[in-house]
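**Student:** So the chains spell out like this:
There are 2 protein chains.
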Amino acid sequence: MSGDITRIHTGSPANLTERFAHRAAHMKQSEIRSLFAVASRPDIVSLAGGMPNLSALPMEMMAEVVGKLVRENGQEALQYGSGQGHPKLREQICEMMALEGISSHPDDVIVTTGSQQALDLISRIFIDPGDVVLVEAPSYVGALGTFAQYEAQVVHVAMDENGLIPAALREAIAATRATGRKIKFLYVIPNYQNPGGVTLSAARRTEILDICRAESIFVVEDNPYGLLGFDGPSPNAMRAEDSENVLYLGSFSKTIVPGFRVGWALVPDALKDKLVIASESSILCPSNFSQLAISGYLSDQPWRDQIASFCGLYQVRRDAMLESLDKYFPQGATWTKPAGGFYVWVTLPPEIDTKALMPKAIVAKVAYVPGTAFYADGLGSWSMRLSYCYPTPERIREGVKSLGRVINTEMELRGISN
Amino acid sequence: MSGDITRIHTGSPANLTERFAHRAAHMKQSEIRSLFAVASRPDIVSLAGGMPNLSALPMEMMAEVVGKLVRENGQEALQYGSGQGHPKLREQICEMMALEGISSHPDDVIVTTGSQQALDLISRIFIDPGDVVLVEAPSYVGALGTFAQYEAQVVHVAMDENGLIPAALREAIAATRATGRKIKFLYVIPNYQNPGGVTLSAARRTEILDICRAESIFVVEDNPYGLLGFDGPSPNAMRAEDSENVLYLGSFSKTIVPGFRVGWALVPDALKDKLVIASESSILCPSNFSQLAISGYLSDQPWRDQIASFCGLYQVRRDAMLESLDKYFPQGATWTKPAGGFYVWVTLPPEIDTKALMPKAIVAKVAYVPGTAFYADGLGSWSMRLSYCYPTPERIREGVKSLGRVINTEMELRGISN
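Protein chains in written order, with UniProt numbering: chain A, 1 to 418; chain B, 1 to 418.
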């Protein structure tokens with residue numbers, strides 16, 4: 001590298017941290033992120049990350065898709081594109097959503113840089129500082145981080161093995177309104193929830209949609225895992241039942257690959273223009289190359305079969321995890337039984353602090369995400385999220401066994417009966 | 001498409017527009033965007049857009065780069081990546097910035113989804129509603145849109161053929177502070193400015209850096225066109241002279257291709273963590289595929305020669321435009337003489353409203369961007385931006401000739417001597 005500072009400057013540089021906007025105080029490293037450096041060490045069995053497993057993806061086929069794209073349509077693929085997203089891909093997205101009962105038009109789809117960007121844009125359009133967002137307890141760490149940056153107050157609503165509990169939602173709405181705060185929307189991950197691993201039942205979907213209409217609260221339905229069911233298909237999307245009061249977020253990160261960063265939002269007409277303008281301000285336009293690579297893959301490849309093979313791969317790993325949990329975890333622990341997706345949520349006796357336990361787990365060469373990461377309010381200290389998506393079944397068994405040993409030792413140490 | 005709404009809903013959906021955040025009122029379609037639908041008709045010579053010309057890019061070579069990437073490194077390229085960006089690419093970015101005299105470390109580089117995202121993130125971190133951002137008069141429409149969304153007040157500072165005028169900067173700072181408003185930063189495009197086409201002289205760079213230090217204002221240097229000089233290299237980057245008080249934004253959109261959406265920010269250490277966290281909240285991580293495609297291209301291909309051939313292509317087009325302006329535009333018009341980049345800024349007699357003139361230009365089958373698009377304060381009504389980057393030299397001559405005729409007719413109509 002050449003070049004250097006060639007001048008002695010007079011005056012001091014501006015103190016950047018003193019100039020931060022108010023919202024910058026809410027930009028904090030998530031617990032899950034600071035973990036990744038440790039969890040990615042090859043000697044550690046990581047049950048922490050949510051990376052999809054790409055071992056079942058035929059790379060030669062994907063290489064042909066991207067090579068052909070540049071050769072046959074390079075002038076378009078490598079150029080700037082539309083802020084809303086490529087029309088061809090938006091059509092294909094509608095076909096894909098139809099698998100979950102959604103009737104939609106490509107005009108109402110906005111392509112985003114992963115569905116994380118859709119979350120960011122929706123927050124930007126709706127959240128004033130102090131506004132309340134209702135979310136499941138626990139919920140996706142990336143959504144909590146974004147809501148915090150826009151200075152929302154997050155109110156958690158209880159779940160059980162059938163997902164968000166309608167009575168708890170009614171209660172949370174009443175309690176929030178009693179304090180005079182404004183509720184902006186309900187954020188929900190109905191299928192194979194991250195981190196809960198549970199699926200919202202069909203009957204509850206209807207009931208929750210009715211509650212939200214009655215209370216004039218709209219629903220943000222985040223559905224990255226919907227097509228990854230092992231025990232039959234998931235219930236129809238909430239958006240399939242209510243096209244006017246649900247903003248739907250989808251993603252190709254788990255059904256194809258995350259490396260292209262392509263997700264989307266399907267929104268009511270009244271929101272579309274604002275969403276496109278907000279996205280243009282944020283990134284100008286989503287990558288034409290990424291969009292057309294996904295589009296080419298959907299056109300030319302047997303993508304339904306590929307999703308089926310992903311499901312097979314994840315099912316074997318889920319089974320390995322549930323079997324090992326039965327075998328190695330103490331009686332005082334309980335966990336969810338996911339019918340799809342990537343995650344199991346484990347609840348330990350309340351005396352166990354899963355964050356404090358992490359260093360011992362790392363010594364035992366296994367990593368997980370402590371439950372507190374998934375709560376905006378400090379709860380979750382005796383829970384953990386275990387991911388089965390990435391390691392081999394053998395490694396999963398090994399990791400759960402090590403972790404079981406760490407937990408058992410901790411319980412003995414604390415005199416908790418097992 | 002299958003599936004439909006199967007239930008009669010009770011209650012009304014939430015009224016979305018009533019629930020918008022305060023900032024949403026500032027999310028407005030830019031004039032330049034609404035133009036593009038018309039300007040992209042094939043019968044129109046578009047001197048409006050800023051799309052780089054990819055005709056000199058060897059597509060076969062690019063097809064090999066992306067195919068090889070998937071075959072040899074697909075598991076990484078198609079997976080989630082680091083929020084800060086890929087370490088290999090960040091090293092290569094530092095090598096590229098060294099061409100403009102910048103000494104930097106890969107740890108201080110954050111890869112973004114185009115440099116538009118860097119602008120968005122910097123705005124998010126620094127701008128509270130009502131804060132002032134100083135910008136050139138005129139300035140990049142995409143930056144103005146982003147600053148508006150974060151509810152900044154934009155104060156324009158005059159330029160001449162040597163770029164931003166230091167005395168005007170001093171004056172703007174004093175006048176702004178006299179009203180009690182807080183100045184957050186100076187945003188400047190020093191090379192081949194968009195839309196002005198002018199370049200900030202080396203002496204003025206130093207003077208402006210000194211003013212900003214003395215006034216404790218930091219500088220955001222946006223430099224997408226810096227390597228696209230026709231008449232010799234541009235002066236060293238401002239960041240080369242002051243590593244502490246300048247945030248530098250770069251982009252591969254004009255030097256390689258825009259379709260991968262890869263840009264970057266080089267920032268002082270105090271800002272890095274916040275910027276990474278804000279980016280993770282916005283998009284989780286930039287596309288590994290896009291980054292590694294750019295990285296592979298930089299490693300394996302003669303990219304300096306490729307930039308030289310882009311320069312040759314743009315120089316011919318600039319020459320065609322300047323010659324045709326001399327030939328076909330009325331005496332009452334003046335324009336800048338860009339030494340690089342994509343744009344010429346034309347000033348007409350003040351009686352001519354370039355926005356009102358657009359329909360007549362479209363009838364004459366030529367499009368441009370009216371000057372008001374580049375001002376936050378409504379100025380610029382007798383100016384226009386002409387781009388020479390995309391059309392062939394023949395089409396440029398044809399377009400400028402038609403536009404000259406439209407302007408001449410308008411001047412006669414208004415009784416302005418020519």
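Don't take each hint at face value.
No distinction is drawn between identical chains; accordingly, a pair holds when it is met within one copy or between any pair of copies.
To be verified - Distance condition first, Cα-Cα at most 16 Å in a straight line; then the derived EDC-like pairs of lysine to aspartate or glutamate:
| # | residue 1 | residue 2 |
| --- | --- | --- |
| 1 | 28 | 273 |
| 2 | 182 | 18 |
| 3 | 272 | 18 |
| 4 | 327 | 305 |
| 5 | 360 | 131 |
| 6 | 365 | 91 |
| 7 | 88 | 300 |
| 8 | 365 | 76 |
| 9 | 337 | 131 |
| 10 | 68 | 210 |
| 11 | 337 | 305 |
| 12 | 182 | 319 |
| 13 | 28 | 351 |
| 14 | 88 | 207 |
| 15 | 365 | 323 |
By construction, these hints were calculated from the structure, which means they are not laboratory data.
**Student:** Hint by hint, say whether it matches the structure.
**Tutor:** Hint check results:
1. Taking the closest pair of Cα atoms, residue 28 and residue 273 come within 16 Å of each other only across two copies (9 Å); inside a single copy the shortest separation is 31 Å, beyond that limit.
2. When the C-alpha separation of residue 182 and residue 18 is checked against a cutoff of 16 Å, the pair qualifies only between copies, where the shortest distance is 12 Å, while the shortest distance within a copy is 31 Å.
3. In this assembly of identical chains, the alpha carbons of residue 272 and residue 18 lie at most 16 Å apart only when taken from different copies (15 Å versus 37 Å within one copy).
4. In this homomeric assembly, residue 327 and residue 305 never come within 16 Å of each other (Cα to Cα): the closest approach is 33 Å inside a single copy and 63 Å across copies.
5. With identical chains, the CA atoms of residue 360 and residue 131 are never at most 16 Å apart, being 39 Å at best within one copy and 48 Å at best between copies.
6. Taking the closest pair of Cα atoms, residue 365 and residue 91 never come within 16 Å of each other, the shortest separation being 46 Å inside a single copy and 32 Å across copies.
7. For the identical chains of this complex, residue 88 and residue 300 are intra-copy neighbours only, at 13 Å inside a copy versus 32 Å across copies, given an alpha-carbon limit of 16 Å.
8. Within a single copy, residue 365 and residue 76 get their C-alpha atoms no closer than 47 Å, and across copies no closer than 23 Å, so neither meets the 16 Å cut-off.
9. For a Cα distance limit of 16 Å, the shortest separation of residue 337 from residue 131 qualifies neither inside one copy, at 34 Å, nor across copies, at 51 Å.
10. In this assembly of identical chains, the alpha carbons of residue 68 and residue 210 never lie at most 16 Å apart, being 48 Å within a copy and 52 Å across copies at closest.
11. When the C-alpha separation of residue 337 and residue 305 is checked against a cutoff of 16 Å, the pair qualifies neither within a copy, at 25 Å, nor between copies, at 58 Å.
12. Proximity of residue 182 to residue 319 under the C-alpha cut-off of 16 Å is found in neither arrangement, the shortest distances being 43 Å within a copy and 59 Å between copies.
13. For the identical chains of this complex, residue 28 and residue 351 are neighbours neither inside a copy (27 Å) nor across copies (53 Å), given an alpha-carbon limit of 16 Å.
14. Proximity of residue 88 to residue 207 under the C-alpha cut-off of 16 Å is found in neither arrangement, the shortest distances being 35 Å within a copy and 51 Å between copies.
15. For a Cα distance limit of 16 Å, the shortest separation of residue 365 from residue 323 qualifies neither inside one copy, at 20 Å, nor across copies, at 70 Å.
Checked against the numbered hints given earlier, the structure breaks hints 4, 5, 6, 8, 9, 10, 11, 12, 13, 14 and 15 and satisfies all the rest.
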